[in-house]
Amino acid sequence: MENDLLAQLIDAEQLYQNAPCGYFSLSADGKIIKINLTLLNWLGYEEKELLGQKFASLLTKGGQMHFEMFFWPVASISKAVKEFSYEILRKDGSLIAVLLNASALLDEHSKLQAINAVLTNTTERKNYEKEILHSKRVAESEKKRLQFMADLVPEIIWTTTAKGNIDYVNARFCQYFNCNGEDTRSSFVLSKVHKDDLRELLKVWYRSIETGEHLQKEIRLLNREGIYEWHLLKSALFLDEEGNMTNWFGSCANINDHINALKKKDEFISIASHELKTPITSLKAVLQLLDRLKNDPSNKMVPGLIEKANRNVDKVNALVEDLLNASQMNQGQLHLNKSIFNLAGLISDCVHHIRIDQRYEIIIGGDDTLQVFADEGRIEQVIANFITNAIKYAPDSKQIFINLKNAGANVLVEVVDKGPGIAEEKIPHLFDRYYQVENKGSKYSGLGLGLFICAEIVKRHGGEIGARSTLGEGSVFWFSLPTS
Amino acid sequence: MMMKAEAVIKRNNVKVIGDGEQVMLFAHGFGCDQRAWKFIVDAFTEDYKVVLFDYTGSGQSDVSQYSADKYKSLDGYVQDVLDLCEALELTNTIFVGHSVSSMVGLLAAVQHPEFFSRLVFIGPSPRYLNTTDYTGGFERQDLENLFEFMDSNYLGWSSAMAPAIMANPERPELGEFLTDSFCSTDPDIARAFARVTFFSDNRDDLSKLKVKSLTLQCSEDVIAPLAVGQYFHEHTPGNEFVLLNATGHCPHISEPVETINAIKTYLHTEENGK
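So the protein sequences, as listed, match chains A and B.
Numbered by our numbering, the letters in the first sequence go through residues 1 to 484 in order.
Numbered by our numbering, the letters in the second sequence go through residues 1001 to 1274 in order.
Excised from the complex, chain A in its bound form (with noise of 0.2 angstroms):
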């Protein structure tokens, strides 16, 4: 182009005045030594009013400490400043952000003569900057919420990319697990999976891997004890709003209480019928008998037949009470029947029936006087219980004592005998429901339900129940009631 037509179209003190941005100058003592129209006009000023201002005064306070402890030394040093932000005051009041560009101009001694500087104004952009920086700060909060969600659920928690690797697990893995977050590699995972359930773990996640379906699995899993424990391994893939395959999401939920419960329930079952069929079956036999003899009623045999038949429906009877008992506990329908009563006298009652064994002495002691406030029949089932217990499990000792014992608030009933005594970790688990201590081989097996209503009975009567023992010495099991 040629160059008359060039000043013709851009005229340099044209472009200086009215540049799409603002230009200024400042002397070495930072004051206003020169500005072009488009600031004045963003800032509301005549050039008058700020040639020979400081600069600074433009600015906020915090803006002012900047400049004076980054631009200036930023400036006088690396003799250029690059896009230093800054919001500027104009006449009214209001603010516009900038963006500052300045160079600056030395002497032959390098001292500072002056600077010049160009202002782009960045209020719009600002304004978006904020918001991302707020949406940035949203984003982190929530991501600080959703861990500590995370950290505070019981299950294991952990994600994968779509192929599988694990690239996020939660407090409660790195608990259960003994490690750091770190060693999360799939053979570390998958060293943790019982080896009879890695086989069809493998299968079912390379599957799920290929077709995206949800995976749901009961695996045992090492934990830092080195104990396998039963969990439900759930994991679902994560699609992103565009539909791509992001994240599997997994967890795994500790179920090894559940799974033991259901096992040691199915243990009941199967004793429970054991028990039931055997009286049963006797119960049959001599029916038979009796269909027999039933043209003959006068037969001696008959009245040891029907004795025979009665204890047999008695043995029944009893199982089924126990029963009933044991799951009226569980739906919490045992109501009691509370009166005033005097507990020796309870007790001597109760132990009546029993002494007509005459192979056990039964010795009460204590404070005959006490009386409690109490369902009579459900304290009679629990002391008839510890008595049978007694002669049960310790069928050497030939003497069991019962005490009563005022103890403030409570009154304790302790049933002591002096049998073999009962292992020390065994005594934790004596009122469980379905518990028995092993007795194979002895005539007594029983459903092990006996304590375990006990428990429930004292339980409801707002007392408490337990036991100790030494082995060879024997074993003491008491319950407290309230007084009041």
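Hints were generated in silico from the structure; no laboratory data involved.
From a predicted model like this one, the values you see are computed outputs, not experimental measurements.
Ideal Cβ placement from N, Cα and C applies to all residues, glycine included.
It cannot be assumed that every hint is accurate.
To give an idea of the interface, some chain B residues facing chain A are shown, with a C-beta separation under 8 angstroms as derived from the structure [claimed, not checked]:
#1 F1030
#2 R1035
#3 A1036
#4 K1038
#5 F1149
#6 S1152
#7 S1207
#8 H1249
#9 C1250
Think about it this way: if two alpha-carbon atoms lie no more than 30 angstroms apart in a straight line, the pair counts; the simulated DSS-like pairs of lysine-lysine are [as the list claims (entries may be wrong)]:
#10 K111/A x K1038/B
#11 K79/A x K1070/B
#12 K144/A x K1010/B
#13 K1070/B x K143/A
#14 K82/A x K1015/B
#15 K111/A x K1208/B
#16 K79/A x K1264/B
#17 K1038/B x K54/A
#18 K111/A x K1015/B
#19 K31/A x K1038/B
#20 K1038/B x K82/A
#21 K1010/B x K136/A
#22 K1010/B x K143/A
#23 K79/A x K1010/B
#24 K79/A x K54/A
#25 K144/A x K1070/B
#26 K1070/B x K136/A
#27 K1072/B x K130/A
#28 K1038/B x K1010/B
#29 K1072/B x K1208/B
#30 K1049/B x K61/A
#31 K111/A x K1264/B
#32 K1038/B x K61/A
#33 K79/A x K1015/B
Just a few of them, taken from the derived set where beta-carbon distance is under 8 angstroms, the chain B residues facing chain A [to be verified]:
#34 C1032
#35 N1153
#36 I1223
#37 T1247
#38 S1254
With chain A held as given, fit chain B onto it using these hints.
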């Protein structure tokens, strides 16, 4: 435990220059590094051994040695100075501190007066925040406003637009971007240092100083106003006070000659007075 000289030299990017016997230790202020001294250092290298350094986390120091816990108060920075004195076996040192380094130097000299012979404070302030019986120059909101500017300058438009807003909170690319420019610091460290600097209150420490000192006060300093400099002078035993014609907060940058003369005059007078 004493640090080895090499370890301190590496951590704090220590530079020793000059032919003199007596040591002058220059400590930069908040937001800068040792390059801030470039206009005045040459005036002292003939007569003194000049030691320059960057605080841990600033300038070209070894940022990996920075720990948020250690540097959560000025004590961490004081320890940097003391480590340096011990490791380089500095005694009889003239300490020159700018801005927050004035307080760092004062606290170091209170703990170990034996390392220092004179202290020179440029724009000192024992407390920046106003309170009922004291005018530091700033309200809390002014300082929050400053921190906002610092944040917006570190995390400005370009970096806020960086794609890895969520995925990469550490933003290593930002660190690289900043290392070249003067006053470059890791933004988190800068933010922490700013809070330590501007929220500290060391008014009670002034009277404990046993080493003689000089205050260089600028005219029209928004960071350390005249009244603050006077308060500092009045409460610090053995302190001389010189009001410079230089304006702003960095007279060693804006008016190096006047600054050099003021320091030299003080040191010579003190020498002759001995």
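A quick look at each hint next to the structure:
no.: 1; hint: F1030; verdict: holds (7 angstroms)
no.: 2; hint: R1035; verdict: holds (6 angstroms)
no.: 3; hint: A1036; verdict: holds (6 angstroms)
no.: 4; hint: K1038; verdict: holds (7 angstroms)
no.: 5; hint: F1149; verdict: holds (4 angstroms)
no.: 6; hint: S1152; verdict: holds (5 angstroms)
no.: 7; hint: S1207; verdict: violated (28 angstroms)
no.: 8; hint: H1249; verdict: holds (4 angstroms)
no.: 9; hint: C1250; verdict: holds (6 angstroms)
no.: 10; hint: K111/A x K1038/B; verdict: holds (12 angstroms)
no.: 11; hint: K79/A x K1070/B; verdict: violated (34 angstroms)
no.: 12; hint: K144/A x K1010/B; verdict: violated (37 angstroms)
no.: 13; hint: K1070/B x K143/A; verdict: holds (28 angstroms)
no.: 14; hint: K82/A x K1015/B; verdict: holds (28 angstroms)
no.: 15; hint: K111/A x K1208/B; verdict: violated (39 angstroms)
no.: 16; hint: K79/A x K1264/B; verdict: holds (28 angstroms)
no.: 17; hint: K1038/B x K54/A; verdict: holds (26 angstroms)
no.: 18; hint: K111/A x K1015/B; verdict: holds (24 angstroms)
no.: 19; hint: K31/A x K1038/B; verdict: holds (24 angstroms)
no.: 20; hint: K1038/B x K82/A; verdict: holds (21 angstroms)
no.: 21; hint: K1010/B x K136/A; verdict: violated (36 angstroms)
no.: 22; hint: K1010/B x K143/A; verdict: violated (38 angstroms)
no.: 23; hint: K79/A x K1010/B; verdict: holds (28 angstroms)
no.: 24; hint: K79/A x K54/A; verdict: holds (20 angstroms)
no.: 25; hint: K144/A x K1070/B; verdict: holds (26 angstroms)
no.: 26; hint: K1070/B x K136/A; verdict: holds (28 angstroms)
no.: 27; hint: K1072/B x K130/A; verdict: holds (28 angstroms)
no.: 28; hint: K1038/B x K1010/B; verdict: holds (20 angstroms)
no.: 29; hint: K1072/B x K1208/B; verdict: holds (22 angstroms)
no.: 30; hint: K1049/B x K61/A; verdict: violated (39 angstroms)
no.: 31; hint: K111/A x K1264/B; verdict: holds (21 angstroms)
no.: 32; hint: K1038/B x K61/A; verdict: holds (28 angstroms)
no.: 33; hint: K79/A x K1015/B; verdict: holds (23 angstroms)
no.: 34; hint: C1032; verdict: holds (5 angstroms)
no.: 35; hint: N1153; verdict: holds (5 angstroms)
no.: 36; hint: I1223; verdict: holds (6 angstroms)
no.: 37; hint: T1247; verdict: holds (6 angstroms)
no.: 38; hint: S1254; verdict: holds (7 angstroms)
Checked against the numbered hints listed earlier, the structure breaks hints 7, 11, 12, 15, 21, 22, 30; every other hint is satisfied.
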